[in-house]
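Residue numbers (my numbering), protein chains in the order written: chain A, 10 to 536; chain B, 1058 to 1505.
Treat the hints with care, as some may be off.
Stretch by stretch, here's where chain B covers chain A in the computed footprint (C-beta under 8 Å, at least three residues) [what the hints assert, rightly or not]:
| no. | stretch |
| --- | --- |
| 1 | 155 to 167 |
| 2 | 216 to 230 |
| 3 | 454 to 464 |
| 4 | 508 to 517 |
To list a few chain A residues with every Cβ distance to chain B over 10 Å, as calculated [claimed, not checked]:
| no. | residue |
| --- | --- |
| 5 | Ser206 |
| 6 | Ser210 |
| 7 | Trp309 |
| 8 | Leu356 |
| 9 | Val498 |
| 10 | Leu521 |
| 11 | Leu522 |
Treat the hints as calculated values from the structure; they're not laboratory data. Here a beta-carbon is modelled for each residue, glycine too, at the ideal position from N, C-alpha and C.
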Amino acid sequence: MKTIKHIGLVLFLVGLGIFSLLPLTGSFTLSADNLATVAENQNIRSEVFVQELERKVVGKTFNGLSTFSPTVIKALEDANTQHRKDKEYNKIMYVSPHDMVANLAKVSGEGFLVNNKVLMWFLTFGLGIIGALLFILPDAILLGKKGIKNNGIYHSNSTSRGWIAWLVFVYLITFYLLLYFRPEYAVNWTYTVDPISQWLSGNPAGHWFVYGFMYTTVMTVMAARMYIKYRHNAYQMVRTTSVLFFQIVFAFLIPEIMVRLQMPYYDFKNAFPLDYDFFFQWNLRSLLNSGGIGLFILVWGIVLTLIIVPVMVYFFGKRWYCSWVCGCGGLAETLGDPYRQHSSKSLFSWKVERWLVHGVLVFAVGMTLMTLYSFFTESGTVLGIRTQSVQNTYSLLIGAFFAGVIGTGFYPIFGNRVWCRFGCPLAAYLGFVQRFKSRFRITTNGGQCISCGNCSVYCEQGIDVRAYAQKGENIIRSSCVGCGICSAVCPRGVLKLENGPLKGRINPTDVLLGNDVDLMELMNKKS
Amino acid sequence: MEHIVIIGNGISGITAARHIRKLSDKKITVISNENAYFFSRTALMYVYMGHMKFEHTQPYENWFWKKNRIELLTAYVERVDTENKKLILQNLQEINFDKLIIATGSNPNKFGWPGQDLKGVQGLYSKQDLEMLEANAPNNEVCKRAVIVGGGLIGIEMAEMLRSRDIPVTFLVREDSFWNIVLPKGESQMINEHIREHHIDLQLNTNLETIVSDEHGRVKAVTTDKGETIACNVVGLTAGVSPNINFLKDSGISLGKGVKVNQYLETNIADIYAIGDCAEQHQPKGNRRPVEAVWYTGRMMGEALAQTICGRKTPYNPGHWFNSAKFLDIEYQTYGWVFPEAVKKEYEEHFHWRHPKEKICITIAFHKESRQFLGINTLGIRMRHEIVDRWLTQKRSVESVLEYLKDANFDPEFYSQYEKDIVAHYNNIFGTNINPKKKSWKRIFSKA
Ligand SMILES: Cc1cc2nc3c(=O)[nH]c(=O)nc-3n(C[C@H](O)[C@H](O)[C@H](O)COP(=O)(O)OP(=O)(O)OC[C@H]3O[C@@H](n4cnc5c(N)ncnc54)[C@H](O)[C@@H]3O)c2cc1C
Ligand code: SF4
Ligand code: SF4
């Protein structure tokens, strides 16, 4: 069994190694035809740019992207400068230079990788998946009897902020930076998933498809780990299945299939304000131009945020979204599970959390109000501030850095819910409802707590669960995502997530159950 | 300002300190020689097993004490001078007190076994014991086998700890079934099976005779009264604990097994009190024992005493007994009194149900004639404390308890529930016709 695990690890690392080297390889030759196609698709009106590319790029073979990329970027920037000088504003290309490189590179790739996409898929994703499964599945036997299996978490380098954890940290951050800011380097990855993308949506894969496919794969494989680790705990099994279902079907398959059916790309479970660009002009226009389905999506998106979300939180707590449905939550609960203990429980972090997460909510709502104002009045500015700049700032700071780079990159060191706890505006909104008007609570079982601290350590949201439990108080916190792990790891059966009447939900207690009643009365009289 | 000094920063001492602070402005000093800050003794095992770091066992952040003006002193109290109301520390420093609370906890028992002080022989009580175990048994190369002596809660915890590092463990238990001085037969039997499932070499009916030294004064084997010699590198002595009161000899404070206290937790000397593991009640309440070495009672004594010290004289008057533990993967809860066969009252009858496959069972004790519900033990099922406590107070009949059993289920959502099977089993045995009622929030929250 141990051997199988080791083989799995090696296969996984080989797959990961090949995957990581891919961006540096390959040769690219842009043909005149392909350039023309891209120019047409991208609506490029700058003949200066096209001519420059024809001179410097077309017909030449580039090894890797290290010269291809700067050549294209320079051509684009020079062309834009020229047009600005000549006041030919309609010719200026607003697309990000790196996206332009990615578009051109995508049609220029050649050689082994491009001719052997399926094989290369196998050597990267395939090996990764097989290796990871070989590493994970033997645990069904190795972990022994079912029950909580947290042995050695703080002895193992990878789960206790050792060098492996730091390596993963750096790797993830690099990966996200690349994905968001240097998409051309993801082009080689896109080839490996082209067949899948073609099959689903009929289009070749872009870098976001690679990401979506990876995300879903990683979640699926790590869900297998969850099933094995928590196989004694029905709540965890059901929850994992749910979150996996929503990722595969709603986040991955349906949007791709919608594209195939000429509909707008839309993830039906992604609620505003997490889905922060839902009300952006381009999205509204695209929805309004998509006929019935576009209108349906528009109405659905609004109803989801204004009615479905709060009503469901009232009945079940925010867990129905954060740990049963949401994609960010889904990755956190699968890939992130080994790191959940790293969330900080200090009072200080709690303060930071409240400022940050509510700050982001205000930012998101403010930006959206500006956007809507601009949309209806068709003015580009609100009170002298350019709507577009605010949107760009949000997209960069919150959308890319906070949710992506930090959100996932920080897993190995700061725990798996950094984004959900400190950044997610939707979580802040759900949190209000959960805190003030919800049937959900974590009930503390009378006086049974022994203050051991397992619950607090494994709370991914950094809630000091023990602080409540040892006082006999129910846990009513806006940030609780109802993952149920505190209840699972408690060795004394103290905690139960449940939905019940509002009355008696919050139960401040001075003296715990077990001590004589007179004393309780005494205390009550006092207060 | 009145100066309250507390010896011992365990759950009882710290609870007293916290509640005194809540109720008053008195000067509070807490002294301990074990660790600067209060930590949860019950969590020591999880540190060795790698579930958490030692710092996680400390329920309060370090700034808490200063903010609440609870002074912490790391020192060993050598002697109590009751006449002059002062403590003499090991470094000969003296500390005056107006009121003294003794909350010094327990020490692991040693019964004079030959070799009990050898290197590699240890108990598991303090932070220092944990560090010693880390040194004695870091892995299964250094510690090729460990022998644990004494089949109680700490014994099984220690076995679990060592097994988490794949160290072979032999578990010597004096009784003919695990912890059957507390657990009824069915439960004890199930735990025997579970211990063996975890590849622990459980030897029942077996006593330790001697611990054998190697040439360096380190344990190399033990011999048992079965005539067996077991080679080992670590011996865990877990045959119970007794009050840690040696330093009080000759202080004039009246001592028995522990520090003798009345129901107000007062010792024979005015302004000196004792709480927690080290206190011994003159007259324990009901079926309770004079010395109760569990977490909850220490906490309750701390709560009660704080009231007294702050001018509201309050007896230590615990409600219905409850406790809980975990045997490897099986959680155990108990409410009220369920006695094992050996000491069962003549009026006490048991109803026992065990799951056909899973390691789940329950035992309900009731009065033979009146059928009054006396207590319940569950293994592998969580119970709602408030509900069972209420039933005990209401002196419900066993039939009513079974009928409403679903109200008391505290298992996580989506767990299989067994009330139907349990009640069917009861009906079968006693020829009754009880129908389990659906869980009702209204009943759960009605305060009566
Ligand atoms: C491994 C383990 C697991 C346990 N698990 C459970 C459980 O699951 N459930 C449960 O109910 N109970 C459990 N217990 C028992 C429970 O921990 C004790 O009942 C409880 O900790 C006693 O608290 P206390 O405040 O009375 O004393 P302690 O926690 O023992 O604190 C006493 C403190 O006083 C200090 N001290 C003693 N003498 C002096 C002196 N002369 N000068 C200065 N300082 C001194 C000691 O060093 C110690 O720090 C467990 C015990 C152990 C050892
Ligand atoms: S309090 Fe419990 S259920 Fe809520 S997030 Fe923390 S561990 Fe999960
Ligand atoms: S895990 Fe359970 S017993 Fe331990 S501190 Fe949390 S609620 Fe209390």
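Status of each hint after checking the structure:
| no. | hint | result |
| --- | --- | --- |
| 1 | 155 to 167 | holds (count 10) |
| 2 | 216 to 230 | violated (count 0) |
| 3 | 454 to 464 | holds (count 9) |
| 4 | 508 to 517 | holds (count 4) |
| 5 | Ser206 | holds (37 Å) |
| 6 | Ser210 | holds (36 Å) |
| 7 | Trp309 | holds (29 Å) |
| 8 | Leu356 | violated (7 Å) |
| 9 | Val498 | violated (8 Å) |
| 10 | Leu521 | violated (7 Å) |
| 11 | Leu522 | violated (6 Å) |
Comparing the model with each numbered hint stated earlier shows that hints 2, 8, 9, 10, 11 do not hold.
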